[in-house]
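**Student:** Protein chains in written order, with this note's numbering: chain L, 1 to 394; chain W, 1 to 394; chain X, 1 to 394.
Quick caveat, the hints were computed from the structure, so don't treat them as lab data. Keep in mind that a hint or two might mislead.
Copies of the same chain are indistinguishable here, so a pair counts whether it falls within one copy or spans any two.
Pairs of lysine-lysine residues, derived as DSS-like cross-links and limited to a Cα-Cα distance of at most 27 angstroms, are as follows [unchecked claim]: (1) 156 with 18; (2) 266 with 57; (3) 331 with 313; (4) 29 with 57; (5) 313 with 29; (6) 138 with 18; (7) 18 with 216; (8) 57 with 156; (9) 216 with 29; (10) 107 with 18; (11) 138 with 107; (12) 331 with 18; (13) 313 with 107; (14) 331 with 156; (15) 156 with 313; (16) 264 with 216; (17) 266 with 18.
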Amino acid sequence: MDEFASFNAQLNRPIDAKNVEFQRMGRLKHIINAAQLTPELLQTLCRTADSIRRLAKTRRGNEALKSLLADKRAMLYFTQPSTRTFLSFMAACQILGLTCNEVRDPKTSSEVKRESRTDSIRMFSSYFDIIIMRSQIKDFAECCAYLMNRLEEQEKRSVPVINAGSGSDEHPTQALLDYYTIDRSFDFDEHSHSVESRLPALRATYPDLVPGVEHKTYAFCGDIGRGRTVRSLARVLAQFPGVSLFFVSADHPDLMLDDQLRQKLKRAGANVQEFHSLEADVNGRPLIEQIDCLYMTRIQREHNSESTEEELKQLDLSPFRLTLDRVHRMKEYAPILHPFPRDSVIDEIPIEVDNDPRAMYFRQARNGMWIRAALLVHLFDAADRLHEADSAAR
Amino acid sequence: MDEFASFNAQLNRPIDAKNVEFQRMGRLKHIINAAQLTPELLQTLCRTADSIRRLAKTRRGNEALKSLLADKRAMLYFTQPSTRTFLSFMAACQILGLTCNEVRDPKTSSEVKRESRTDSIRMFSSYFDIIIMRSQIKDFAECCAYLMNRLEEQEKRSVPVINAGSGSDEHPTQALLDYYTIDRSFDFDEHSHSVESRLPALRATYPDLVPGVEHKTYAFCGDIGRGRTVRSLARVLAQFPGVSLFFVSADHPDLMLDDQLRQKLKRAGANVQEFHSLEADVNGRPLIEQIDCLYMTRIQREHNSESTEEELKQLDLSPFRLTLDRVHRMKEYAPILHPFPRDSVIDEIPIEVDNDPRAMYFRQARNGMWIRAALLVHLFDAADRLHEADSAAR
Amino acid sequence: MDEFASFNAQLNRPIDAKNVEFQRMGRLKHIINAAQLTPELLQTLCRTADSIRRLAKTRRGNEALKSLLADKRAMLYFTQPSTRTFLSFMAACQILGLTCNEVRDPKTSSEVKRESRTDSIRMFSSYFDIIIMRSQIKDFAECCAYLMNRLEEQEKRSVPVINAGSGSDEHPTQALLDYYTIDRSFDFDEHSHSVESRLPALRATYPDLVPGVEHKTYAFCGDIGRGRTVRSLARVLAQFPGVSLFFVSADHPDLMLDDQLRQKLKRAGANVQEFHSLEADVNGRPLIEQIDCLYMTRIQREHNSESTEEELKQLDLSPFRLTLDRVHRMKEYAPILHPFPRDSVIDEIPIEVDNDPRAMYFRQARNGMWIRAALLVHLFDAADRLHEADSAAR
């Protein structure tokens, strides 16, 4: 992309050097990659999401939420199709009263008229107060963030940019919602239907169990090589102490952990191991019985080359299917996640599993809505007003 | 549809057995078919629609309306194209402050990724508070209602489902708006521009005239066989005492009343008769002069087989055209309805008729908006708050 | 278009005779053509836009704005694709709380069912409170205005119509936003960052400079023949005293000023001159150095015939490119406008120019949003309520 040439020097920097430019005084200015999700920020966003959920339980709370960003207008620029992420962001905006606009057809009239992408983005920033974008074009969201920063330096109108999935590289808000789901699953106080915590009872069976994302074993199963959600979440989790990351995939180079990510995760201090079955032996017991959390993924056939397509047809996928029997052998508290959609043809998770209390994938979708709302509140610096409303309501 | 296999036993039951599952303590949980439209429910919804119309006349009333469901979000899942019904539901939602979202392209990204329809629906129910759906797939809305009921039993998140037209079978909200238009037309108090009722003056000419939908003769003209709106409305009207239903269509099996419906209507107690011209002799006078209400329909050419297409070309359609002369010979108070769109090529109702006070078809469209808003208020159990606002405003 | 036949007599009248029908007691009922933009109306709308901008600077002001038309619903019927104009109107509606609906696909389901366009428009007017339309069909917006007027005469529901660009003829709201941008540029008080006006300092260099659109020289450059924005804006400006209009285009009949417009502008009293380069000699100095305002336009290749396409390829376009050197030689205060999109391939305005304070084209886009909001306020007669809110906020 020629028109992004002026951003090349910025693109080719280490990620930490970039990320200082996407924040301002400890708060996010843009969200572009999962490396921005530090433990502190995750904590802040999760607690904001909790407040939003609490307020959303009552009519009055919803009124407070709906006025929170009612003076703002969002552009959802989703030229890469995605029903799920799109609707999740729409719902998140709507909860906060943020008015939504959308451009979803990649062949907009302006492109026919040979308008540059940069001009389109500046047009959006003229009319709207935030740009939420999902694009096939590598680095597009990042370049937009640089463009906005440049405008800000010139004292011109500039708005926050959210990367809602760009090309095959980054999908930071998916990592965010996955994290939030895990965070809630390992807060054993919350899910108890009684007033008491589930933790003491669980400790009778699992004496070493502690609350929180730390000191846990996470298994990722399915398409490890091409699942950008796996990539992002694994890196987020690797920041925490005592984390083991097990990758379970068929023995095919496209599906397995790539070396670059393996090195990064190890450098971050995680215990990284790779397996070829959910039944693989781990210290004398099957893997499925020992993990604290299972993250299932779909094999992304749409990215298959023709030869891969043929090779994958030969593979036995049964070691990667989450049968009901396997679910029953999992730890009682271990959440099952899936970024969805699941493949209804190969049945990676049969629908019978949906009724098991460990199945978190529908709740996970709803969590995506809450945590994205929290992200919007954070970007617009409205957390104080939110917490005020939350305190007033309690 | 394999994935609906688990609902087969439920689908193959008598309609009354089904319909108890679509309600809860006398209130609708879902609206799936026109058989749910009992006289009591029709009465409730029409009076709710009246309140909404009254409030919508003032800015303050509109404010009250717009806060009524402002804490809710709707999904309009319209994979079968329909501008009119879609916009009518949109407007109904907007009147009540209900935030709208839409999926209209049947080829959404999730289907490309082999997501099951059931998973899509559960995704919608994660983000939104009601699903309004129109689909080509037979029984889809009904299956969604069963899915939601099943989730409710499992104490999981469940939302109401509105069938906004499914395949060629059911279109209950069209029957609802048709009914509301008739109900308003036969409330002779309302339409008088003066304070007085029109009824005494009309009785001078029509001594037997009574207010209300009862004791009336309704003629349906055009495409009887394939018009699902005819089917639904006829069954709704057949519930009332003293109702005659005249069906006027060309002598072609696709266009005429089918035997199943004929039997049902008769069993319900209606006087059912069939004719082949608006000028047909009824007790010595032309039909057009004797009916209390005329329901015109479009011949649905898009459903023609090739052979039918040829056969219909041979038919003389003039006996089914509502010329201005015929309108002038109708009873003074007899409303003319049409579910629209009308066919601008064969001119089933020439535009000159639009100016006649009997022409109700544009008002009918607007009534659709009011009664659909009433249905939303009912499904969300917000009628009490609505009537409070209405009383406060008067 | 046969169905508009009944409007033929009305279409074939002088524009002044038409325009009296598009207003009511000095206020617009519909906006159909740029000839409705009288100096008085322009003044009213610009001051309304100023109030809106002022209120939009604070959360409380935005709240007041968002309640202003919260009881109204708009239909954006954009069957001619246009991302920019569409989004600008959406944003304008959203600022005022006006709920938006859209029909953008020219092949809507109703047309498949052979519905007439007039019936579609009446459907929209049943559900919505204003119709904002952009269509390929010549005179469509005008005919819709006549239809609405006819309904009003019959005491039926009737709503305002906004022509948001129809065919190749009229685009009055573009003229409006161009005018507003010029009006703001020549208000030398506003743009000064200090409290003082820029005017005294500018007068040291340009002793004859006066505030306002009067007594200025405007240059239009690029596609004069086919740019409907040029056509509309030139006519608007020609109404003011002391206006010179310079048209700068390549020597090709499709690109040059047409005789009809030339005559109209001269009759209105403007000093009209034509040139073939931005460097053309005007009284001994290059044109670019002498003008008070430069309106650049894109060569509309999508309207080229095949032969024109070939001919245009032969042309040297460098005399019409706004290089940075040319910008530096312009008067210090002279605004550069462009209706956008600009052509990123032939580089009519290189991006380096964007940083120059004379470059108004992004601000111009944002002005479009404000002035369209002002137009909506005017059409719904809500200016008094707006000014009240504005006074209360100050």
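**Student:** When the structure is checked against the list of hints, which entries are broken? Sort them ascending.
**Tutor:** As far as the earlier hints go, 2, 3, 5, 7, 9, 10, 12, 15 are violated by this structure, in ascending order.
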